[in-house]
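With the hints as extra help, turn the sequences into a complete structure.
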Amino acid sequence: MPSLFDIFFYLFAAAIVASAAVVCFSRNIVHAAFSLLFTFFGVAGIYVLLSADFLAVGQILIYVGGILVLLVFGVMLTNRVTNIDLRSALGARIPALIICGALLALLISILLPGHWISFREVPWKGSPWNHDAVAQVTAATQGTARELLDHQGSKGTALEIGKLLMTDYLLPFELLSIVLMVALIGAAMIARQDSNPSMRYKPRYKEPVQGEISS
Amino acid sequence: MTFTPVGLPHFLILSALLLVLGIFTMLTRRNAIAILMGIELILNAANINFVAFTRYGAINLGGQIVALFVIVMAACEAAVALAIVLNLYKRQGSINVREANTLRD
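These protein sequence lines are chains A and B, in that order. Heads up: the first sequence begins at 1 in my numbering, then just goes up one per residue. Heads up: the second sequence begins at 1001 in my numbering, then just goes up one per residue.
These are computed hints drawn from the structure, not numbers from a lab. Please read these numbers as outputs of a predicted model, since none were measured by experiment. Cβ atoms here follow ideal geometry from the backbone N, Cα and C, with glycine treated the same way. Please note that the accuracy of each hint is not assured.
Claimed, not checked - Per label pair, the in silico range of CB-to-CB distance:
no., chain 1, residue 1, chain 2, residue 2, range
1, A, Ser3, B, Leu1103, 55 to 61 Å
2, A, Phe25, B, Gly1057, 16 to 22 Å
3, A, Met181, B, Val1097, 26 to 32 Å
4, B, Pro1005, A, Phe25, 49 to 55 Å
5, B, Thr1004, A, Gly66, 35 to 41 Å
6, A, Val57, B, Leu1103, 20 to 26 Å
7, B, Glu1077, A, Val17, 33 to 39 Å
8, B, Pro1005, A, Ile178, 42 to 48 Å
Stated by the list, open to error - Covered stretches of chain A, going by a simulated chain B footprint (3 or more residues, C-beta under 8 Å):
no., region
9, 2-16
10, 19-32
11, 36-50
12, 60-74
13, 102-112
14, 179-188
In structure tokens form, the structure reads like this:
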């Protein structure tokens, strides 16, 4: 009998795989960009199921609010383009399919339950923040007072992540902030409009034809 | 066939599927932005693994923190890559990566 947790997992997994398949196979780059939205939301849902609340919010804020908007801007700014279907020819897609299929078969044969996993099949209860979000909601809505008490031990992960970032992970955190700053300055440098007119776009092959948006 | 409750292998297989879809996107697309989308899928697959091992393995929150770092790196990568793509578009009028085969004018 599937629990609520299982049902939500399969729901999010189906959303993720279906929308990632659209990203993969869609002819239209705008469709791909928008289905990436559902992939990111589905991954955020998976984070919630894994009781990573801070990370789920970060996923939505940074991926959906930042990266996806950047990608959509990129699509809009560069899509005068060539009308033709920008996917590879069928001859180039078949080797890719073979490689990916082989990789997937390998990974799944390794990962299938019972082969190698000596990890716990159940969540690790050793730490107070590792709680079951769905069980908590279930207890809050329809559980007894006793069950509610059992699931109120967690204060979420944000506090603990903050402490770890300022102690154990301080050096990577600071390095990452420098990388972020350098990347943003570099991006602004690269994308800047050139004042030198000889650097502007000169058509080399053919004038791009006005046409439908394609991937 | 009996129903097995969702555990660590389910999350790992989901992440393997996402990884393979991302690699397929990177291999078959010729649009630079679509290739970037494939990279984002791969990074998300890696993140699901990190967070799943945080919950099911006996590592403390380290996995979640690494996942957070990966998200920030993805933001850097998207910013720089889109700047490069816009520049490419400005220079050659298309973002087909097959045509981006010169190092200078």
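Hints versus structure:
no.: 1; hint: A:Ser3 with B:Leu1103: 55 to 61 Å; verdict: holds, 57 Å
no.: 2; hint: A:Phe25 with B:Gly1057: 16 to 22 Å; verdict: violated, 34 Å
no.: 3; hint: A:Met181 with B:Val1097: 26 to 32 Å; verdict: holds, 28 Å
no.: 4; hint: B:Pro1005 with A:Phe25: 49 to 55 Å; verdict: violated, 32 Å
no.: 5; hint: B:Thr1004 with A:Gly66: 35 to 41 Å; verdict: holds, 37 Å
no.: 6; hint: A:Val57 with B:Leu1103: 20 to 26 Å; verdict: violated, 42 Å
no.: 7; hint: B:Glu1077 with A:Val17: 33 to 39 Å; verdict: violated, 24 Å
no.: 8; hint: B:Pro1005 with A:Ile178: 42 to 48 Å; verdict: holds, 44 Å
no.: 9; hint: 2-16; verdict: holds (count 8)
no.: 10; hint: 19-32; verdict: holds (count 6)
no.: 11; hint: 36-50; verdict: holds (count 7)
no.: 12; hint: 60-74; verdict: holds (count 8)
no.: 13; hint: 102-112; verdict: holds (count 6)
no.: 14; hint: 179-188; verdict: holds (count 7)
The earlier numbered hints that this structure contradicts are 2, 4, 6, 7.
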